[in-house]
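Use these hints to put chain R onto chain B, whose structure you have.
If you're matching them up, the sequences are chains B and R in order. Under this note's numbering, the first residue of the first sequence carries the number 1, and numbering increases by one thereafter. Under this note's numbering, the first residue of the second sequence carries the number 1001, and numbering increases by one thereafter.
Any given hint could be a false lead.
[As the list claims (entries may be wrong)] Here are the simulated distance ranges between beta carbons:
hint : chain 1 : residue 1 : chain 2 : residue 2 : range
1    : B       : 110       : R       : 1238      : 42 to 48 Å
2    : B       : 407       : R       : 1219      : 17 to 23 Å
3    : R       : 1097      : B       : 134       : 35 to 41 Å
[Claimed, not checked] With a Cα cut of at most 25 Å, we get these calculated SDA-like pairs of lysine to any residue:
hint : chain 1 : residue 1 : chain 2 : residue 2
4    : R       : 1399      : R       : 1072
5    : B       : 222       : R       : 1157
6    : B       : 103       : R       : 1310
7    : R       : 1052      : B       : 217
8    : B       : 253       : R       : 1103
9    : R       : 1097      : R       : 1002
10   : B       : 222       : R       : 1320
11   : B       : 215       : R       : 1404
12   : B       : 219       : R       : 1335
13   : R       : 1222      : B       : 241
14   : B       : 240       : B       : 219
15   : B       : 49        : R       : 1284
16   : B       : 112       : R       : 1188
17   : R       : 1052      : R       : 1335
18   : R       : 1222      : B       : 329
19   : B       : 406       : R       : 1277
20   : B       : 2         : R       : 1128
21   : R       : 1002      : B       : 88
22   : B       : 219       : R       : 1243
[Claimed, not checked] Computed far set for chain R versus chain B, every beta-carbon distance over 12 Å:
hint : residue
23   : 1054
24   : 1075
25   : 1178
26   : 1192
27   : 1197
28   : 1263
29   : 1283
30   : 1301
31   : 1342
32   : 1381
33   : 1382
34   : 1398
Simulated from the structure, these hints should not be mistaken for lab results. Beta carbons are placed, not taken as given, at the ideal position from N, Cα and C, and that holds for glycine.
Protein chains: 2
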Amino acid sequence: MKPLEGIRILDFTQFMAGPMATMLLSDMGAEVIKFENASTGGDNTRYRKFIKDGASSHYATRNRGKKSVAINMKDPKQVEFFLRLVKDADAVIENYKPGTMEKFGVTYDRLKEINPKITYVRISGYGQTGPYADHAAFDATVQAEAGIMSITGPEGSDGFKCGASVGDYSGALLGAFSVAMGIVSALRSGEGCCVDLSMMDALIFMQENQLSVYKVTGKLPKPSGNRYPAASPIGDFMCKDGIPVMLNISTDKQWADFAKVLGQPQWLEDPDFVSMSKRAENFRKVEAEVLRVFADMTSDEVCEKLQSVQAVYGRINNYETLVNHPQVLYRKTFVNANYANGISYSVPGNPLNVVGMERQMDYGTAAIGENTMEIMGQVCTPEELEQVVAPVQKLAEEKAAALYAKS
Amino acid sequence: MKPLEGIRILDFTQFMAGPMATMLLSDMGAEVIKFENASTGGDNTRYRKFIKDGASSHYATRNRGKKSVAINMKDPKQVEFFLRLVKDADAVIENYKPGTMEKFGVTYDRLKEINPKITYVRISGYGQTGPYADHAAFDATVQAEAGIMSITGPEGSDGFKCGASVGDYSGALLGAFSVAMGIVSALRSGEGCCVDLSMMDALIFMQENQLSVYKVTGKLPKPSGNRYPAASPIGDFMCKDGIPVMLNISTDKQWADFAKVLGQPQWLEDPDFVSMSKRAENFRKVEAEVLRVFADMTSDEVCEKLQSVQAVYGRINNYETLVNHPQVLYRKTFVNANYANGISYSVPGNPLNVVGMERQMDYGTAAIGENTMEIMGQVCTPEELEQVVAPVQKLAEEKAAALYAKS
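Okay, chain B solo, but in the shape it has when bound (with noise of 0.2 Å):
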């Protein structure tokens, strides 16, 4: 048994942030519903690249697993029918611009009157309310105005954004997190709760770190490459064969270590080495030896030697060795979306390990509203669903089809 079986969470959310949020909550065995927007053609990421027979790999890596539910959310009778759905739901979770839930008339207030139990979990990227509030927010923008690209990149350089979308994905992750932490609060209490979260906030969080020190110091950290500041040797040294390997030695225990399995105890008596503190005011001299040693030795014998102390390196892995990395192959990371028509993706598979939790290896990725009769079933009349349910369902995969044909 998976540990959220038996969770529902009706998911308004598109794009990244909100959907790997409810990816993870479905990996971990919570049904989740996902209402797509029948006249857009639902999730956008449906049309993006990669796209065979209308199955879009983009879509599947972060829906695979999920129901999806055709609405339109300006008709107040599809709103009704969702909020019927609300009763009996755990979680209710969306990342559109603040203020979109509002006019389709959807409010905290509102859903707590129906079911006091649910919990609704706001992605934005700066929060419901504030000066930011209405400002649109995409991952490079969002990793701009935080911070985080001006401590990111070569020394010298003006920063840069981390290469992958860590503004979406770290909300993402608060967004699961606040989804289960208010099922804990219902189901403890009676009552769940509301969480307006951002990007902003989640970036922040990453970078408690430096910014405290700038808080203490008022020294306004600049891009460092691969080094820490507070460090050394930290970052990549070449190998004679041309291949960097990534070290990270600090404490004084790493030190000796690293200096006797590579045969310079010379290291140890040297008093510009003496502390953590000495050998980063003195990272300079320090990377010039260690490079004089590693210009001698294989990115393989480096490591060897390395590994058997125990110390902290790693090699530097591009797509092609990480996807056939030794832990990865083990973990069995990369698990299959699987569409009805019978396209299928390789994509990253569930991030946790519960143990006696088998690994799911297959997923199925729903086509638009290929659960829309099905869910608005359990809540609708028979006349409701052939009157309004079904009209919204056919709508959204004419849409699609249209959009597919031109892409």
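For chain R alone, kept in the frame of chain B given last:
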């Protein structure tokens, strides 16, 4: 009331990933009891810069709000005291090197025997099992192994790590989620769960987009500066006043609004710019055009115009402008971590805005073992307290005093 009030977490974490997980739980109301190794003077961040009167900023920023208990897990008696606490606790969390808790005699089976509802969350670099389980891991080396370095940094470079410790913090967020999820499971089924999670898996979660693309195309992604390959203009664009603005203009609607508000209707006639994929293909021409227009406008003028059409843009903040950011001031992002001796640090606060929960601005920060007698007193006899617990606390204090004297 905070959502996790009444939840008790027994916390064996140190450094960064683990403590940030339990700090989030503590922020949400859980009672977090941090067990610190008496013989080493506790979490070694207590002795990292910056320290005033034996109060470390490094420790405060990720341990504010927690209780501290000094313990020696090599003593089976003290392990037994810990196990007595397990009986009424909700979760145990640790981020030691795999195998360490086993050496202390602590396994999930043993915890479950004492309390079937317990949740046990284990954070490590690469996981508890597999060929890399015994690899030492710090953030920088896991960033290397997990491939995120290979997609970060300027175009043409070999790649750089993200300046923030995204491996640690994404592991922290998965850890906090796992605890909450286990508690949901315990409350519903009477049984918690054991989660083995790794920073490596967390970083793969954070790259699902690019990894899925790679799995389809087989084309190795490389660092692409501040661009995304799938759309343009995305990246930093210099303005007349020497201040760049970050743009993320992707859809046709966004492009049309952008062209119009900048007074460049001819862009909408240009066949090279006619679709998202065309603009991505001709990104150098797109960028040259944008730079031409921005060269005549200050960054304030650019932002004002872009905001008027709800364009997706951002100012590129450094830490000085970030801590004074209107949204950061509005959200009261920075709070105080206060030690009993009067030393206080300004640190990032709770990242979640829970509706109806007042923002806490002041947090206590425990000296080593500040709560040893209080917590152990709940499960020990007066004799045990006097003979076993008090001496451990004394040892911890002496060790700490000696380390502070050196630092």
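Problem set entry | Satisfaction of hint between residue 1335/R and residue 219/B, Cα-Cα up to 25 Å | Cα-Cα ~19 Å, so holds.
For this session: Below or equal to 25 Å on CA atoms is what counts here, so check residue 112/B against residue 1188/R.
Result: holds (21 Å)
Exercise. Beyond 12 Å from chain B, beta-carbon-wise, is residue 1398/R?
Worked result: holds (21 Å)
For this session: Return holds or violated for the Cβ distance of residue 110/B and residue 1238/R against the range 42 to 48 Å.
Result: holds (47 Å)
Problem set entry | Restraint check for residue 1097/R with residue 1002/R, where alpha carbons must lie at most 25 Å apart | violated (32 Å)
Problem set entry | residue 1382/R remote from chain B - nearest C-beta pair above 12 Å | holds (33 Å)
Exercise. For the pair residue 407/B and residue 1219/R, does the Cβ-Cβ distance stay inside 17 to 23 Å?
Worked result: holds (20 Å)
Exercise. Does the hinted range 35 to 41 Å hold for residue 1097/R and residue 134/B at CB?
Worked result: At 47 Å between Cβs, range violated.
Problem set entry | Distance restraint between residue 406/B and residue 1277/R, which requires alpha-carbon spacing of 25 Å or less | Distance of about 13 Å is within 25 Å: holds.
Exercise. Within 25 Å, alpha carbon to alpha carbon, are residue 103/B and residue 1310/R?
Worked result: holds (18 Å)
Exercise. Are the Cα positions of residue 222/B and residue 1320/R separated by 25 Å at most?
Worked result: Measuring from Cα to Cα gives roughly 12 Å; hence the hint holds.
Exercise. Regarding the pair residue 253/B and residue 1103/R, is the alpha-carbon distance no greater than 25 Å?
Worked result: OK: residue 253/B and residue 1103/R at ~21 Å, within 25 Å.
Violated hints for the displayed structure, listed by number in ascending order: 3, 9, 14, 25, 26, 27.
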